[in-house]
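2 protein chains.
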Amino acid sequence: MSGHEPRRLAWAYLSKVVQGSCPPLARLVAAVGPEDAARAVRERDLSSFLDRRTSARAHLDTAARDLDLVTSLGGRLVTPDDDEWPSWRLLAFDGLGDGRDDGGPLALWVLGGRPVDELVARSVAVVGTRAASSYGEHVTAELAGDLAAEGWTIVSGAAFGIDAAAHRAALGAGGLTVAVLACGVDRAYPAGHGRLLQQIARDGAVVSEYPPGTTPARYRFLARNRLVAGLSDGVVVVEAGWRSGARNTASWGRRLGRPVLAVPGPVTSAASTGCHRMIREGEATLVASAADVVVEAGPIGVEDGGGGPARALDVLAGDAAAIYEALPAHGWRSPRALSEEAGIPIERVRALLPALELDGFVGSDETGWFRER
Amino acid sequence: MSGHEPRRLAWAYLSKVVQGSCPPLARLVAAVGPEDAARAVRERDLSSFLDRRTSARAHLDTAARDLDLVTSLGGRLVTPDDDEWPSWRLLAFDGLGDGRDDGGPLALWVLGGRPVDELVARSVAVVGTRAASSYGEHVTAELAGDLAAEGWTIVSGAAFGIDAAAHRAALGAGGLTVAVLACGVDRAYPAGHGRLLQQIARDGAVVSEYPPGTTPARYRFLARNRLVAGLSDGVVVVEAGWRSGARNTASWGRRLGRPVLAVPGPVTSAASTGCHRMIREGEATLVASAADVVVEAGPIGVEDGGGGPARALDVLAGDAAAIYEALPAHGWRSPRALSEEAGIPIERVRALLPALELDGFVGSDETGWFRER
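Chains A and Y supply the protein sequences, listed in that same order.
At position 271 of the first sequence (counting the first as 1) the number is 270 in numbering that gives the first Met the number 0, and the numbers step up by one without a gap.
At position 296 of the second sequence (counting the first as 1) the number is 295 in numbering that gives the first Met the number 0, and the numbers step up by one without a gap.
Hints were generated in silico from the structure; no laboratory data involved.
Check the hints yourself; a few may be wrong.
In silico contact screen, one side only, chain Y against chain A (beta carbon under 10 Å); selected entries [claimed, not checked]:
| hint | residue |
| --- | --- |
| 1 | Ser46 |
| 2 | Ser47 |
| 3 | Phe48 |
| 4 | Arg51 |
| 5 | Leu142 |
| 6 | Asp145 |
| 7 | Val262 |
| 8 | Pro263 |
| 9 | Val266 |
| 10 | Thr267 |
| 11 | Ser268 |
| 12 | Ser271 |
| 13 | Thr284 |
| 14 | Leu285 |
| 15 | Val293 |
| 16 | Asp364 |
To give an idea of the chain A side of the interface with chain Y (calculated C-beta under 8 Å), a few residues [what the hints assert, rightly or not]:
| hint | residue |
| --- | --- |
| 17 | Tyr134 |
| 18 | Ala172 |
| 19 | Val262 |
| 20 | Gly264 |
| 21 | Ile278 |
| 22 | Arg279 |
| 23 | Thr284 |
| 24 | Asp291 |
| 25 | Val293 |
Cβ atoms here follow ideal geometry from the backbone N, Cα and C, with glycine treated the same way.
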């Protein structure tokens with residue numbers, strides 16, 4: 000193989016160096032482009048924060064090899080450069096902190112033929128305990144199967160138990176499903192799910208923010224849960240213990256402003272304890288059917304006419320929301336005026352405006368930027 | 000038998016004439032006493048509202064016979080004259096309307112040896128569908144048994160299914176239970192529960208606001224549900240269809256300011272549909288165990304030190320709350336001053352103050368009325 004574009008090689012290098020989310024690096028890339036950012040990382044010509052975050056792996060350049068490997072598996076590296084980048088979905092991360100695993104992914108390694116943005120345009124995360132009961136597997140199969148049959152993509156983590164039942168139900172219904180991994184997409188994890196992951200890649204996508212060869216680790220599972228929630232319109236927990244990965248995914252759902260839903264079960268079943276407690280403590284809304292899920296996770300703003308601005312403020316968060324709000328209802332603003340109005344650095348405003356335009360929230364002409372109606 | 004006190008005969012007569020709740024009549028009795036009220040009813044010397052409400056049965060005087068009958072069954076008529084009258088519990092009805100079945104009971108016909116006020120001092124209603132599943136009966140047995148073993152009286156409606164399971168669990172745990180009937184306490188309804196009702200009367204109480212001989216009727220079941228909620232610290236629904244008596248009891252619980260709780264079950268079970276929807280729509284809090292119920296229905300104000308005034312304002316409603324609030328934190332007020340301050344007729348203030356005193360919220364001396372600390 001070889002012969003990758005320099006810009007894509009730079010993305011692959013950066014993905015390898017940061018191993019996950021790094022909002023300051025993403026902002027640097029948005030400002031100067033991936034090649035200059037990669038050069039700065041390589042030469043350690045960085046802010047002390049970014050230097051600390053990248054110096055340990057700055058010398059590792061496996062970019063060409065990683066791209067070769069994912070290509071040989073029929074996959075690809077998807078970056079904000081690509082049309083299929085799900086920027087609309089990932090805007091919700093903009094409002095969050097700059098912690099190690101708090102932001103959106105820098106890039107996504109993907110197996111599967113469909114564009115990622117289309118796959119997750121209408122998607123629900125269905126997650127739960129590995130120690131699922133037969134009730135839990137049955138309910139997951141019904142719920143995920145019904146949702147998939149109605150055109151919802153089922154996003155989950157490919158774990159044993161509820162996750163696997165959700166993926167399988169989507170496949171069985173002839174629907175779409177996305178598995179988000181805590182390791183490289185070249186690794187079958189858990190090992191027993193090799194065939195399932197192949198089927199998911201064929202009919203949907205297997206996705207990871209980690210480059211090929213990355214092994215699973217506890218913090219990567221937590222970061223993966225954040226992506227499962229981030230790539231979905233809502234999070235449904237079917238069975239979960241009180242301390243479980245599924246509750247972590249649910250808490251990411253809340254943080255990202257996604258509806259968090261939980262399916263009840265017999266109070267005599269330990270597997271439903273977490274769901275019941277989440278409902279009881281107001282952390283999740285009870286859902287008993289796919290129809291209930293659609294009511295909660297369905298298109299926003301449909302009920303009140305679906306006007307553009309209401310929708311924008313529902314889905315935008317953080318700087319993106321502040322920039323949107325700084326635009327007048329009628330008329331134009333320059334990036335500099337928006338920067339002053341919103342109190343956000345001009346570089347950040349310049350980086351976010353194209354994303355907002357791509358998602359149809361704002362438009363631009365020779366006069367400046369304006370709200371799309 | 001015979002030889003009943005004239006005052007008690009008057010209560011029995013009034014209970015027979017109004018057949019249930021009649022707040023205007025209760026106020027008349029509080030103002031002039033039962034004998035003068037009975038005379039006014041008999042002679043139709045009444046407001047047109049009360050005349051309409053009582054004229055159809057004013058000529059029926061079965062008071063002595065009714066009292067004889069209930070005595071022969073080992074029972075009694077309990078009225079606001081009696082120390083065991085659960086006035087504290089029934090204050091919640093004061094804030095409600097003057098509809099036919101909206102108020103507290105005028106009097107209670109009771110089988111069972113224990114004082115009613117003690118029986119319901121710490122009590123939970125456990126209700127649900129007649130068409131209970133084995134899961135529902137199992138969970139009811141666990142929950143009601145655990146609550147009864149911890150000293151909670153289980154209040155229910157003696158119906159088939161969840162109600163019966165709740166009563167039986169309380170009896171089985173050696174605890175207390177109260178059955179509230181929609182017919183006279185001399186009738187075994189449902190017929191198959193004759194023996195169960197005898198056991199309940201032996202270890203707790205069988206209660207009705209209708210005189211002996213009254214047959215069940217649909218509106219009496221709804222009125223009965225209101226009393227089930229009214230006599231309890233909280234309402235737990237174990238299994239219920241969407242349109243069911245148990246939901247009616249739950250809605251009375253809400254109206255009376257009682258915590259309304261629902262037990263989830265498999266989403267595959269039609270018997271849990273009503274519980275799930277109540278939880279989903281915020282009409283009930285999910286509970287999965289007796290411990291959850293105790294947290295919700297347990298003593299009010301315990302968490303923040305249990306001060307008197309906070310507790311009073313939590314449990315008082317309507318005129319009673321207004322009169323309590325019209326009292327200064329320190330010092331005294333006359334009934335007339337309270338009437339002016341609270342905007343409540345002086346007769347009503349005079350009628351409610353003794354009830355508030357009986358319940359320990361207010362006190363009086365030669366100077367006037369004051370808040371109890």
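Hint-by-hint comparison with the structure:
1. Ser46: For Ser46 of chain Y, the interface hint is violated, since the closest Cβ of chain A sits about 48 Å away, which is over 10 Å.
2. Ser47: At about 48 Å, which exceeds the 10 Å cut-off, the nearest Cβ of chain A leaves the hint on Ser47 of chain Y violated.
3. Phe48: Violated. Min distance 44 Å.
4. Arg51: 46 Å, violated
5. Leu142: 8 Å, holds
6. Asp145: 12 Å, violated
7. Val262: 6 Å, holds
8. Pro263: At about 3 Å, which falls below the 10 Å cut-off, the nearest Cβ of chain A leaves the hint on Pro263 of chain Y intact, so it holds.
9. Val266: Since chain A brings a Cβ to about 4 Å from Val266 of chain Y, closer than 10 Å, the hint holds.
10. Thr267: With a closest approach of 7 Å, the Thr267 of chain Y hint holds.
11. Ser268: Since chain A brings a Cβ to about 9 Å from Ser268 of chain Y, closer than 10 Å, the hint holds.
12. Ser271: Interface hint status for Ser271 of chain Y: holds (8 Å vs cutoff 10 Å).
13. Thr284: 6 Å, holds
14. Leu285: Holds, because the Cβ-Cβ distance from Leu285 of chain Y to chain A comes to roughly 4 Å (cut-off 10 Å).
15. Val293: 14 Å, violated
16. Asp364: 47 Å, violated
17. Tyr134: 6 Å, holds
18. Ala172: 18 Å, violated
19. Val262: With a closest approach of 6 Å, the Val262 of chain A hint holds.
20. Gly264: 6 Å, holds
21. Ile278: Status holds, d = 5 Å.
22. Arg279: 4 Å, holds
23. Thr284: This hint holds: Thr284 of chain A lies near chain Y, its Cβ roughly 6 Å from the closest one there, short of 8 Å.
24. Asp291: 7 Å, holds
25. Val293: 14 Å, violated
The structure does not agree with the numbered hints 1, 2, 3, 4, 6, 15, 16, 18, 25 stated previously, though it agrees with the rest.
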